[in-house]
Amino acid sequence: MKRFTRDQMAARVGRDIPNGAYVNLGIGLPTMVANHLPKDREIILHTENGLLGMGPAPEAGAEDADLINAGKQPVTTLPGASFFHHADSFAMMRGGHLDFCVLGAFQVSVTGDLANWHTGAPDAIPAVGGAMDLAIGAKRVYVMMEHLTKKGESKIVARCSYPLTGVGCVNRIFTDLAVLDVTSEGLKVLERAPELSFEELQRLTGVPLIDASAALTAEPVVTQRREHA
Amino acid sequence: MKRFTRDQMAARVGRDIPNGAYVNLGIGLPTMVANHLPKDREIILHTENGLLGMGPAPEAGAEDADLINAGKQPVTTLPGASFFHHADSFAMMRGGHLDFCVLGAFQVSVTGDLANWHTGAPDAIPAVGGAMDLAIGAKRVYVMMEHLTKKGESKIVARCSYPLTGVGCVNRIFTDLAVLDVTSEGLKVLERAPELSFEELQRLTGVPLIDASAALTAEPVVTQRREHA
Amino acid sequence: MINKVVATAAVAVADIPNGATVMIGGFGTAGMPSELIDALIAKGSKDLTIVNNNAGNADTGLAALLKARQVKKIICSFPRQTDSWVFDGLYKKGDIELELVPQGNLAERIRAAGAGIGAFYTPTGYGTPLAEGKETRHIDGRDYVLEYPIHADFALIKALRGDRWGNLVYRKTARNFGPIMAAAAKCTIAQVREIVNLGDLDPENVVTPGIFVQRVVEVPAEAKLIASPGAAA
Amino acid sequence: MINKVVATAAVAVADIPNGATVMIGGFGTAGMPSELIDALIAKGSKDLTIVNNNAGNADTGLAALLKARQVKKIICSFPRQTDSWVFDGLYKKGDIELELVPQGNLAERIRAAGAGIGAFYTPTGYGTPLAEGKETRHIDGRDYVLEYPIHADFALIKALRGDRWGNLVYRKTARNFGPIMAAAAKCTIAQVREIVNLGDLDPENVVTPGIFVQRVVEVPAEAKLIASPGAAA
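The listed protein sequences correspond, in order, to chains E, B, A and D. Counting in the working numbering, the first sequence runs from 1 upward without gaps. Counting in the working numbering, the second sequence runs from 1 upward without gaps. Counting in the working numbering, the third sequence runs from 1 upward without gaps. Counting in the working numbering, the fourth sequence runs from 1 upward without gaps.
Since the hints were made in silico from the structure, they are not lab data. Treat the hints with care, as some may be off.
In silico BS3-like pairs for lysine-lysine, Cα to Cα no more than 27 Å straight-line [as the list claims (entries may be wrong)]:
| # | chain 1 | residue 1 | chain 2 | residue 2 |
| --- | --- | --- | --- | --- |
| 1 | D | K186 | D | K72 |
| 2 | E | K139 | E | K39 |
| 3 | D | K186 | D | K73 |
| 4 | D | K186 | B | K139 |
| 5 | B | K2 | B | K139 |
| 6 | A | K92 | A | K72 |
| 7 | D | K92 | D | K134 |
| 8 | E | K2 | E | K139 |
| 9 | E | K139 | A | K186 |
| 10 | D | K73 | D | K92 |
| 11 | E | K139 | D | K72 |
| 12 | D | K134 | D | K73 |
| 13 | A | K134 | B | K139 |
| 14 | D | K73 | A | K134 |
| 15 | B | K150 | B | K188 |
Just chain E, same shape as in the assembly:
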């Protein structure tokens, strides 16, 4: 079985982000999407610590301690950027103004529940940051994660065993094995890794899947954002 590489996953997510979208990329794996956004699209990145129009990392020596992203890494601004305070920044999320966020996850349930902030281990120091705000705040929530744990258990589950980040908030799941939509009918498989049969994917995943990969076209399945002329 050939798995999608991390770069392929990031590129696949990038294909599903249309021109003009406002996007927040979560910490970790989702950050890689920034390097795989289609070059012919203008996409505006939000970082919840108070910046829209975030640009790439600065060159070595040009870092500015006052210009960082949510992961506290140095970034830059693009022309058209704006700074704002934390209440305004989270109002952008909670108010449904972001078109997409891309998050990592420990588990996603068949109904789109997300668990990505806490393993539930009793001795772990809890830390949530903006995870819960992002989960409920974007018009479309994309999750990007490996399909299976290191022990080979499916991270797509009937019901999350880890503490929840948000209820019914995930729209689409990008894994190293498949792309799936969370729908009212159930989980629809849009794409599978090369040479991976639907039956094998179903067996690995454990929860009921709907095979919608026949409906795939060469064009990315994109969601329309709020219109502007």
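Chains B, A and D: place on chain E using the hints.
Below, chains B, A and D alone, put in the same frame as chain E:
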């Protein structure tokens, strides 16, 4: 009986506003206070349509339609001024950041209820503006009004008959006959108009008054605002 | 490429349907997007619910929209002004519905819509006729009224400068309701005196980030510098 | 004359008593008022409740305040970082109380305190362990959690420039919690890189109006330009 003139009333209010205070002057009579603030004090005026550090009216010909006060009259800015949007402006009030507001009134009750937005006439078009926000929003609410209606009835009442603007919100009342504090013990008379006896003031007012004018000194009775060094 | 700039006010408002809720910026005439309102009058959309601080001055702008009988309901804080004769006439004939909201609650309800807040407890209006029938709660020694957000389909606002991403800066007290209405509407249309190049607005000084703005139309400044004093707030 | 400028950080924090609730600005080290924190350590106030997004990095700033055992409780969204060893140690020994709040709820609760809101319904956290025991409500098709404001006795924040009225402007993403903490505290102390003359800040660009600031102290910029990457938000 000599009544305080409007200018005397405005000057009397001005005496009770200390250096460094943030003040909102309501529309009408309270606006006159701006011309009577003690010259040796720096007092910062707020106008709820989005300006701190409001200056006096511009000279003729220098009016700017984008620079107005809550009464929609042209104003100016002082050095140190700042502009902000309506939610921030009313947050300043509701959040208790203004030290004083000075309001006109139809009626004030012995417990500090204020009625100043609506006569209750059935055919009147209601309009409230920022009156209710100001009434509950400043640390100290001063009311400035004539003591009696044109019919000679006291505007200081046991219970307001006009629709309320705010409950228990008034701290001090400045009229053409007296200066009174609303206290938990009742209305305390701090000053009386020249040649007006306490008994005569009591008779005209109708509700029980406490004579505290003996406690007056030559110094204005001011309230300390939030400290800064 | 993202380009939110549209050619004319007419194009900008062309899809405002009958029955829409439309926020209109401005405090009196300061910040009122007159040309967008004129375009809405020309478009002729009916049965609108309008959110504005006032209810129109004299015979132009919002007052003209009312006069054209396009407005079913107005949500505002101060309809009565010395020159609000258009509204006054409609109201007295029962031809327009009025929801009167204290100005700070109006601002906060608009802000709540943009910020995704479901409802909030405000001290303003407690114990007054404008809180009658509303839920109240005693919190930490003070009484509050529960108020809900005001969402809109469209917001028409006026700013000083804008760029093709929809970033805006305002001018003096004409800022008033612009930033919060921009965030509260599904589609925000800003008329600006000048469209500038992307990057010309200092990121530190952008007041409304473009995420809140869907369309920008340039309307150069008219030579109108004198404020028209009306009645109170 | 109004003059909120104080001579030193030590003077600025001299009246912070034991048991005070103190908001500290900054997101990680961006916007962290290090010199004010150092002054608070020197002052030695105990049993503090601290509000900050994080719980300190490495051994300086907020981490040093924790290390000095001056903090009874911390209200934050993301205590765990790669270099949060001071907090980690105290927490595991049960020597510090933690109230964990989702970052946007933290920001909104601080904002609510400054804006005089009694409580508000937020969708963030609904159905999660962080909403356990909290009141919820279904409004207009969505589920919300009731959250209350976070008030403070003092706020220590860092800005770029300030004037004697307390007006402030910030620098890039170091703005973060500064403006909302300034409004939420009874006494806000701002350290600024530069004190400028009254009138030097453009009224259009003031981010925190002076009404929210009680003391300003000048701390010229140090030559610290490299961000220290920690863990997540």
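Here's how the hints hold up against the structure:
1. D:K186 - D:K72: Holds, at roughly 20 Å.
2. E:K139 - E:K39: holds (23 Å)
3. D:K186 - D:K73: holds (19 Å)
4. D:K186 - B:K139: holds (12 Å)
5. B:K2 - B:K139: violated (32 Å)
6. A:K92 - A:K72: holds (14 Å)
7. D:K92 - D:K134: Satisfied, since the Cα-Cα distance of roughly 26 Å is no more than 27 Å.
8. E:K2 - E:K139: violated (32 Å)
9. E:K139 - A:K186: Distance ~12 Å between K139 (chain E) and K186 (chain A) Cα, so the pair holds.
10. D:K73 - D:K92: holds (14 Å)
11. E:K139 - D:K72: Roughly 39 Å between the alpha carbons, so the hint for K139 (chain E) and K72 (chain D) is violated.
12. D:K134 - D:K73: holds (20 Å)
13. A:K134 - B:K139: holds (26 Å)
14. D:K73 - A:K134: At roughly 37 Å apart (the allowed maximum being 27 Å), K134 (chain A) and K73 (chain D) break the hint.
15. B:K150 - B:K188: OK: K150 (chain B) and K188 (chain B) at ~24 Å, within 27 Å.
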